[in-house]
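Number of protein chains: 2
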Amino acid sequence: MGSANNGKKKKVTFDDIAKYTGFSKTTISRYFNFPDSLTLDNQEIISNALIDLDYKENKVARILANGKTEFIGVIIPNMLNHYYSEMLNRILQTYGDFGYKFLVFLGNEQEETERKYIQELLAYNIEGLIVMSFTLSSEELAKLPIPVVTIEREDRYVSSVNTDNYMGGVQAASLLARHNCDILVHINTADTTPERPAYGRIRGFLDICEEKKLNHRLIYVERGDSFEEMQESLGEVFRELDTSYSGMKKGIFVSGDTRANILLNFLIRKYGSLPEDYRIVGFDDSPISREAVIPISTVGQQIDRMAYEAVSLLVEQMDERRKRKPVPLQEPVHRVITPILIRRETTEQKN
Amino acid sequence: MGSANNGKKKKVTFDDIAKYTGFSKTTISRYFNFPDSLTLDNQEIISNALIDLDYKENKVARILANGKTEFIGVIIPNMLNHYYSEMLNRILQTYGDFGYKFLVFLGNEQEETERKYIQELLAYNIEGLIVMSFTLSSEELAKLPIPVVTIEREDRYVSSVNTDNYMGGVQAASLLARHNCDILVHINTADTTPERPAYGRIRGFLDICEEKKLNHRLIYVERGDSFEEMQESLGEVFRELDTSYSGMKKGIFVSGDTRANILLNFLIRKYGSLPEDYRIVGFDDSPISREAVIPISTVGQQIDRMAYEAVSLLVEQMDERRKRKPVPLQEPVHRVITPILIRRETTEQKN
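Taken in order, these protein sequences are the chains called A and B.
Be aware that the first sequence starts at 1, since it is given in my numbering, and climbs by one per residue.
Be aware that the second sequence starts at 1001, since it is given in my numbering, and climbs by one per residue.
Chain A extracted, bound-state conformation:
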């Protein structure tokens, strides 16, 4: 079939493959869309023919034939929080495992823009969606005509991958309790309502404090739309704690390493090092926890595993839909990943 390789290449069509192999065009089409409906021998004959003919797949034609694009949409709320950029990082790295390509959207909480973006993606026949933003309800997401998996957000009606946040709260409070802190403080954001997975951190913290009858306090800060806003609200919290609990050993569990780092920096700037009467535990194990001036102990979300599970949960559902008689999920699947407590210098000082 040298002609296909001489000079300007002519596109090899299903017709060409049919003629070359002696099969019908329907059989060739079945090879691409339902390979399992052919015998292994026939699959091999066609597969060899494609090599001989130097067949270049036309993905767009294939999308028209079977409606599949190998695209997954990813919606993240922001990159201000290092947790999201790390999760995105890990999701993108699954290309090597699954071959899916990712269309990434940054939500910024604009409901209408997010809806419009999703509608656009649907018009392009993307196969699945990973949602980390909080903007649209899981009830709305569940109505989309494609599989959806959420990560660490309200997930009542859709499949999801979350950290075992309750266990994370338990781990953090227990560690601070073991350090004999006089007061245990948990700092979380005002928007952490009971339907969000992160609310488990509060429950776990409170349960341990109540069980062990520990002096404790829960502080809510505004989420903030910029680093400066986060810094401002945590600055107030820092000055208040530093004054009110002067002379007491303070164990502070901060929901999120980005915020834990801000609090740590206030301390270092005031005292030059982390005072003996402070213990800090963050949450996430995002890069900033290692890059901080003093490496921050943290409840480590297994971000790499969560990203992998989210993509693989989606791939299972997308694969199901490729079958001739797909059986869709009857109930959403919720995978829960155990967090791993990582002790670094903000709880285990060397001096």
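It is possible that some hints are incorrect.
[Said to hold, decoys possible] Listed next, the in silico EDC-like pairs over lysine to aspartate or glutamate satisfying Cα-Cα at most 16 Å (straight line):
{"#": "1", "chain 1": "A", "residue 1": "LYS116", "chain 2": "B", "residue 2": "ASP1097"}
{"#": "2", "chain 1": "B", "residue 1": "LYS1325", "chain 2": "B", "residue 2": "GLU1309"}
{"#": "3", "chain 1": "A", "residue 1": "LYS19", "chain 2": "A", "residue 2": "ASP52"}
{"#": "4", "chain 1": "B", "residue 1": "LYS1270", "chain 2": "A", "residue 2": "GLU345"}
{"#": "5", "chain 1": "A", "residue 1": "LYS249", "chain 2": "A", "residue 2": "ASP277"}
{"#": "6", "chain 1": "B", "residue 1": "LYS1249", "chain 2": "B", "residue 2": "ASP1182"}
{"#": "7", "chain 1": "B", "residue 1": "LYS1249", "chain 2": "B", "residue 2": "GLU1348"}
{"#": "8", "chain 1": "B", "residue 1": "LYS1116", "chain 2": "A", "residue 2": "ASP97"}
{"#": "9", "chain 1": "B", "residue 1": "LYS1116", "chain 2": "A", "residue 2": "GLU70"}
{"#": "10", "chain 1": "A", "residue 1": "LYS212", "chain 2": "A", "residue 2": "ASP182"}
{"#": "11", "chain 1": "A", "residue 1": "LYS25", "chain 2": "A", "residue 2": "ASP15"}
{"#": "12", "chain 1": "A", "residue 1": "LYS213", "chain 2": "A", "residue 2": "ASP182"}
{"#": "13", "chain 1": "A", "residue 1": "LYS116", "chain 2": "B", "residue 2": "GLU1070"}
{"#": "14", "chain 1": "A", "residue 1": "LYS249", "chain 2": "A", "residue 2": "GLU276"}
{"#": "15", "chain 1": "A", "residue 1": "LYS270", "chain 2": "B", "residue 2": "GLU1345"}
{"#": "16", "chain 1": "B", "residue 1": "LYS1325", "chain 2": "B", "residue 2": "ASP1036"}
{"#": "17", "chain 1": "A", "residue 1": "LYS270", "chain 2": "A", "residue 2": "ASP242"}
{"#": "18", "chain 1": "A", "residue 1": "LYS270", "chain 2": "A", "residue 2": "GLU240"}
[To be verified] Derived coverage of chain B by chain A (criterion: at least 3 residues anywhere in the stretch with Cβ under 8 Å from a Cβ of chain A; other residues may be distant):
{"#": "19", "stretch": "1079 to 1090"}
{"#": "20", "stretch": "1103 to 1110"}
{"#": "21", "stretch": "1139 to 1150"}
{"#": "22", "stretch": "1287 to 1295"}
For the record, the hints were derived by calculation from the structure and aren't laboratory data.
Ideal Cβ positions, reconstructed from N, Cα and C, are used throughout, including at glycine.
Given chain A, put chain B in place with the hints provided.
What follows is chain B alone, placed relative to chain A:
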């Protein structure tokens, strides 16, 4: 046209629109592909008909008709360096301005995977490519059948957006010179070869030092594949500088805020605050420069503007290709963005 809205919706075809408006199907097709070839009145008639008929665009059919997907591929080398996640952040945010959707790939310097990914994207008819990774030469990228724009990498044969790195080096060295430092040090990575835009930082630094006859030194570190590797190589540099130039006022210009932060942390951990005989200037103005324990002075790349320029440069070329007689660029276009020196506490201490 109530029937289109009752019960299960039937897809509205070009035929339906033609019948409804009285135009030919060719005219309807021209409306979608070359709207300017119709009078404004006729454009309006068809546009209103689409609303009446509740027409849902089938993007895949449209791709087949005009070969355009409104997809742009983005290749970033890693997210270890905060500069890349910030640039990606800003690129994604241009969706609101241009409507293009981004397929994001994380290179990790695997040449073959990167080539395979690009080939896949081409098979899907993406319209343009933004490349930040260093893996493939601009000569190879220029041969791709779609417009390519690079950011801050070797760009001889392709269009690009870069910071004026030379000016950045001049700004940093001049600032340190004004602080009467006894020794000016520039730390860069061993892979910053003359064909990379970042090499301009070295030239700018050296030119100022030579012109002003300043005691200076250039130190290369390995790039490193992880935060720990970066930390290790900078730890050696820190100990060496701290010993060799003891008692001298040291002005250190570090190529990249991620590394400047590591160096700063070594200082704070040793001295509890930034000693009077140290001045540090980073490069990028990436988030870590603000989130550091002491906010880092930096040669600010205008990352938001660079991202916008890269996408708009690409959009211009993609728009050109939509014309019936496109005139491709004869020469690559190189847009250079002026950096802005941002003075923070590592050069202007309050005490």
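Each hint tested on the structure:
1. A:LYS116 x B:ASP1097: 14 Å, holds
2. B:LYS1325 x B:GLU1309: Not satisfied, since the Cα-Cα distance of roughly 25 Å exceeds 16 Å.
3. A:LYS19 x A:ASP52: Roughly 13 Å separates the two Cα atoms, so the pair holds.
4. B:LYS1270 x A:GLU345: Distance of about 15 Å is within 16 Å: holds.
5. A:LYS249 x A:ASP277: 4 Å, holds
6. B:LYS1249 x B:ASP1182: 5 Å, holds
7. B:LYS1249 x B:GLU1348: 14 Å, holds
8. B:LYS1116 x A:ASP97: The given pair, whose Cα atoms are some 14 Å apart, holds under the 16 Å limit.
9. B:LYS1116 x A:GLU70: Distance ~14 Å between LYS1116 of chain B and GLU70 of chain A Cα, so the pair holds.
10. A:LYS212 x A:ASP182: Status holds; Cα separation ~12 Å.
11. A:LYS25 x A:ASP15: The hint holds at about 6 Å.
12. A:LYS213 x A:ASP182: The hint holds at about 11 Å.
13. A:LYS116 x B:GLU1070: Measuring from Cα to Cα gives roughly 14 Å; hence the hint holds.
14. A:LYS249 x A:GLU276: 8 Å, holds
15. A:LYS270 x B:GLU1345: Roughly 15 Å separates the two Cα atoms, so the pair holds.
16. B:LYS1325 x B:ASP1036: 14 Å, holds
17. A:LYS270 x A:ASP242: This hinted pair holds, its Cα atoms lying about 10 Å apart.
18. A:LYS270 x A:GLU240: 14 Å, holds
19. 1079 to 1090: holds (count 6)
20. 1103 to 1110: Coverage by chain A holds here, the residue count being 5 at a Cβ distance below 8 Å.
21. 1139 to 1150: violated (count 0)
22. 1287 to 1295: With 7 residues closer than 8 Å to chain A, the stretch 1287 to 1295 of chain B meets the three-residue bar; holds.
Of the numbered hints listed earlier, those contradicted by the structure are 2 and 21.
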